[in-house]
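Below, each chain spelled out in residue letters.
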Amino acid sequence: GDSVTQTEGLVTLTKGLPVMLNCTYQTTYSPFLFWYVQHLNEAPKLLLKSSTDNKRTEHQGFYATLHKSSSSFHLQKSSVQLSDSALYFCASDSGYNKLTFGKGTVLLVSP
Amino acid sequence: NSKVIQTPRYLVKGQGQKAKMRCIPEKGHPVVFWYQQNKNNEFKFLINFQNQEVLQQIDMTEKRFSAECPSNSPCSLEIQSSEAGDSALYLCASSLSLRNTEVFFGKGTRLTVV
Numbered sequence: 001g002d003s004v005t006q007t008e009g010l011v012t013l014t015k016g017l018p019v020m021l022n023c024t025y026q027t028t029y030s031p032f033l034f035w036y037v038q039h040l041n042e043a044p045k046l047l048l049k050s051s052t053d054n055k056r057t058e059h060q061g062f063y064a065t066l067h068k069s070s071s072s073f074h075l076q077k078s079s080v081q082l083s084d085s086a087l088y089f090c091a092s093d094s095g096y097n098k099l100t101f102g103k104g105t106v107l108l109v110s111p
Numbered sequence: 001n002s003k004v005i006q007t008p009r010y011l012v013k014g015q016g017q018k019a020k021m022r023c024i025p026e027k028g029h030p031v032v033f034w035y036q037q038n039k040n041n042e043f044k045f046l047i048n049f050q051n052q053e054v055l056q057q058i059d060m061t062e063k064r065f066s067a068e069c070p071s072n073s074p075c076s077l078e079i080q081s082s083e084a085g086d087s088a089l090y091l092c093a094s095s096l097s098l099r100n101t102e103v104f105f106g107k108g109t110r111l112t113v114v
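Chains as they are written, first to last, in this note's numbering: chain A, 1 to 111; chain B, 1 to 114.
Treat the hints as calculated values from the structure; they're not laboratory data.
Possibly wrong hints are sitting among the right ones.
Lysine-lysine pairs mimicking DSS-like chemistry, simulated, CA-CA at most 27 Å apart [stated by the list, open to error]:
(1) B:K39 to A:K103
(2) A:K77 to B:K107
(3) A:K45 to B:K63
(4) A:K45 to B:K39
Isolated chain B (complex conformation) (with noise of 0.2 Å):
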C-alpha cells in the first residue's frame, strides 16, 4: 500500500475555481514532487522541493499553481484559476534524497474541472 498520502482523491471544480489538493509525504521523505498525468496517461513534472525549499518548477507552475511544503504540515498544490485542460491525475511523490533512490507515489488526486 502506497505510504504516500492525498486528499482528496476527487475533486470536480468549475472553471476560474480554485482547486486544492494536498499530499503527506512518506515519513522521513524530505523530497517531494508533483506530476500532473493527463488523460492519455503522459506524465509532466510540475514541481519539487526538498524540506520547504522550492528546487525545480515549470513555467506553468511558477504561473497558475501555488505549492508548498510547510514543515509539520502536508505539501499542498493549489490551482488558482482552474481551466478545463487542468482535468488530470496529480500524483504526489516522495524519495529519501535526491539522487537515484527509489521515488513513491501517492494514488493521486482525480481532478475534474467542470
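Extracted from the complex, chain A is given alone in its bound form (with noise of 0.2 Å):
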C-alpha cells in the first residue's frame, strides 16, 4: 500500500530563519502530494497541493516541489514566523481522495 514518511517529528527554530520539513512516499498510481497544516485545537487545513513533476507550488509563504524521481515533496519557507507554530502533515492521495498521511512534524517558532 502506499506510504508517508516525515523523518522529523520536532523542529524547533528561532523566527525568521529557514526551514525544510521532509516528506518522501511510495505511492501505487501517479502520485498526488498534500502539506496540510494542523493548529492546535484547530481542524487541519490543506496548506499545499501537486501532482506535476518539477514544479513549484507555493502558498502563504511555503513553498514544495514534488520530485517524483526521488519521490519527495519537502516542505520550505525562507522564514519562520511565530504564527508557524504547529503540527505539519505530508500526505498522498491513495485513491478516491483518502488520505494516507504521515506521522507528522511539530514546529515550534521561538521568539
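Work from the hints to combine the two standalone chains into their complex.
Right, dumping it as C-alpha cells:
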C-alpha cells in the first residue's frame, strides 16, 4: 500500500530562520501530494498540493516541489514566523481522495 | 473557519458504552471521510462515503463501528462498545469529488474512554 514518511518529529527554530520539513512517499498510482497544517485545537487545513513533477507550488510563504525521481515533496519556508508553530502533515492521495498521512512534524518557532 | 461541523467537541464514555459523534459536511460535498487521530498525532482512515453509500472501510470499522450518512441528516460514527484504545480525536472531512480535490476537515470530536 501507499506510505508517506516524515523524518522529523519535532523541529524547533528561531523566528526569521528558514525551514525545510522532509517528506518522501511510496504510491501505487500517479502521485498527488499534499501538505496539511494543524494548529492546536483546530481542523487540519490544506497548505499545498501538487501532482506536477518538478513544478514549485507556493502558498502563504510556504513552497514545495514534487520530485518524482526521488519520490519527495519537501516543505520549505524562507523565514518562519511565530504563527507558523503547528503540526505539519504530508499526505498522498491513495485513491478516492482517501489520504495517507505521514506521522507529522511539530514545528515550534521561538522569539 | 472550518465549514465541516462536528459535534460534540468532547465526549467521555465508560468502557463498553456506545459513543456516537456527528458530522455535517461542507454544503454540496457528497464525499465524506472519517479519520482517527491518536495521541501520537497519527491518522488512521476509518471509512468514506459518497452520498449515502459506503465506498471503503477498514476491518475495525466494519466490526466495531456503525457509520452512516443519510440524506438531509448529519453523518454519524458510532462505536458500539468503547475500549480504552478508542480514545482519540475523530476527524470528519468532506470533498467535492473522489479525485484530487481539496479535502476539508472539521475540528474533530475528542473521545476519552475511561
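For each hint, the structure was consulted:
| no. | hint | in the structure |
| --- | --- | --- |
| 1 | B:K39 to A:K103 | holds, 11 Å |
| 2 | A:K77 to B:K107 | holds, 26 Å |
| 3 | A:K45 to B:K63 | violated, 30 Å |
| 4 | A:K45 to B:K39 | holds, 19 Å |
Hint check: a violation occurs at hint 3 only; the rest are consistent with the structure.
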